[in-house]
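Student: The residues making up each chain are set out below.
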Amino acid sequence: MITKKNLTWIAAAGAMAGTLALGGCGAGGGGGTDNELTLAFSADPISLDPASSANGNPSSWFVQLAYQSLLSVDENGELAAGLADKWEYLDDGFTQFKITLRDGAKFADGTAVTADDVVATIEHFRTGKGPVVASWADITAEAVSDTEVVFTSTEPNALIGTLLTPKYMAGSVISEEGLADPNLLLSETHGAGPYVLDTADTIEGDHYSYVPNENYYDQDQIKWEKVTIKVIPNSTSQAQALKTGQIDVMVGDKSVLPELQDVDNIGESANPVYSNAIWLLDRNGELSPALADVRVRQALNFGLDRDAITAAAYGDYGYGDAVPATPGDSSYGYDESLSDHYDYNPDRAHELLEEAGYGDGFDMSITYKGHQPASKVMVEAVAAQWEELGINVELVPATDTGDWVNVINTKEVTAAQHDNSGKPMLMWLPMLMSDSGVMNVFDVDDPKLDKAYQTLIDAGADEGGAAAKAMTKALMDEAVIVPVSQVEEVYFFDEDALQAPEFLGGTPLLSYIYDWEPASE
Amino acid sequence: MMWNLILRRVAMSILLLLLVSAVTFALQAFIPGDAARAMLGPEATDEQYQALRAEMNLDQPVVQRYLSYLAGAVQGDFGTSLYTGREVLALILQRLPVSLSLMLGSLVIAVAAGVLFGVWSAARGGAVSKFVDALSLVGFSLPNFWLALVLAATFAVAIPIFPATGYSPLSDGVGYWAYFLVLPWFALSIHGISVIAKVTRDAMMSVLNMDYIRTLRAAGIGRGSVIWKHGLRNAGIGISTQVGLMAASAMAGTVFVESVFAMPGLGLMAVDSIHTHDAMVTQGVVLTFAIVVVLINLIVDLLYSVINPRVRVS
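Residue numbers (my numbering), protein chains in the order written: chain U, 89 to 609; chain G, 45 to 358.
Please keep in mind that the hints were generated in silico from the structure rather than gathered at the bench.
Label pairs and their calculated CB-CB ranges:
no., chain 1, residue 1, chain 2, residue 2, range
1, G, 121, U, 459, 30 to 40 angstroms
2, G, 116, U, 451, 42 to 52 angstroms
3, U, 265, G, 213, 23 to 33 angstroms
4, U, 275, G, 213, 10 to 20 angstroms
5, U, 499, G, 111, 28 to 38 angstroms
6, G, 350, U, 353, 52 to 62 angstroms
Think of the CB as a built atom: it goes at the ideal place given N, C-alpha and C, for glycine as much as any other residue.
Build the full structure now, drawing on both the sequences and the hints.
Tutor: See the structure below:
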């Protein structure tokens, strides 16, 4: 007989079953149909405003989807058409660069993209708050016709075109409506890209939905009916979401490999994207006189088993490399022939230290980015191996990048760990070579480096590759940096949902997000 | 007398919130790095960095900035996010339902399940009591971050019953809302269930051994009525005290659980804002946590006086 007590339990069980039934219809959400792409990213976008957004994949996804850049990059890593279909330097000194907008380019609101919009956008970038602002300090833009813009740099700059590609955001043209009230750019998109942010289906901190831009000039580029970026902070949670079909793509590392390696439909695509290294700041020997001697710095390079350290820190997603640059196009300066220039040779390291008079070792200190677990492992391994040479290494952890810069600026550390993302040398060398560069805090004067740097600045696109390699050689001969690992960015993706994303021409650039195609195509 | 109690509690709460806001502001000032450097990255020049710091008023003394903040806060202006420019109050109101769903739901489950286990254990005694004791110890020891990951791996991936991540607002349907919360609720409530079960069991065992309980049974009052109506009422004092304490730990727990299940609540916003040095947002979230905990404890205090009339009199 059913009693009152029984009824209570039956009702509770029924409520639970009802909840499961109601909720189960539509379980999983996201990563759903063939024509919808869902990606995971670990944090809210820094900003939807291209001028304030972080550069580099994948954080640029939020902006890339809605903002077409003036230029793009082809499969070989060379400049290609974007909103502009013609571009050239006007002088041999690389101070004036002209672009011509293509016919028919429109913003999502239907208005035409004009030269005045480009100029206004560049001015917005010059006065912005993002990491690419530094690149625009010396460059101005002027509209010379309705469709032509000339960029003028106060210094020779062979990379103006590169700055206008998606990775560096600045070419992401913003409409007049967006620039009229820049606050709109924080929660809406006002670009001319293939998609537009669907604010009605976007929840900050949870997911950002994009739908096709009906006014995009090349409708064939639009592969998806909807693209969603889900914010999932925890990488293990991302892996679980990928396995259950809630998402189609995630950026991973070795920590999620055990979760994903045995899953049939999960593929991976990896490419080196940054070089993690120890930068020797105190080359004047103010804190550690030993570091002023190039033989000591070379000994530090010979004293590292890079492969072993990299395996410990990055597993299969990195490799040891003594070259202080990342593989990419010619402007990256990577020279594969130099990768064994400082092969692990502790005997040679001891010899050099003896010659320099530091056979008994010396003291030094390294600050590192403590919020990067793999960097912590790397730096600790480096310190342990240098201790075998008699070098006493003090490790100074920084809580984040800001703290890391502050520690360096105290001039109380002799070296700094830095993960230098792959990009043209001229984009990162100012950090080391300019008077106010954070890696030149001790104001080191090195004529050999200065000469190689000036040659690189003066070289054009044709000679730029050779000059970049020469700069790399100079950095290695002077042992300014102790490179340890080439680190790969790894994308795990659902092979049933989309085709493998490809890295462009072996560069650190992944195919643009809107080039990713459904598996069915 | 009740009004006196309320007024006293409210006055103390205001002082407490002032203290929390001041300590939070001061602690943030001591965190190395700032929003200007986080935005510009390491490649910006020192001139660019200093210019942005000045624009954001980060170059002003901490006390001056705090007094400015306080002057705005008392008028309902809690500042804007340094990154998005959105008003902090709007951001908090957007995310509060998520965290409240998680926290209050887990508290309800913790109290309901904890009381059931505790009463069962006290009433049955013997092996049942020892079993509940052991379960309580295990539940109390499990870190909720680890438990959240294990639950997701088991009941979202290995046995795909529930979603691994996400949140559905109430406006999309109660069933769907609860469906996304089952695993997070369980992860957050285990600790509370263990504590409440133990407190309930201990309190009930103490009460059930009292003379007046034996008198009631001798007078023919049913066992169920003796346990639930008479025994539990007296044990309720300890239970309600624990609920007040658990509210604070539940709020803290939302930080981990929201991270694992990718729920867009205040906990996750707190983590993001601390990483990016978005001081106004951090300040707003911490204050909101404090207000919620204070309110819950105020309710508990009032409940205490309802359960125990002697508190009202005193």
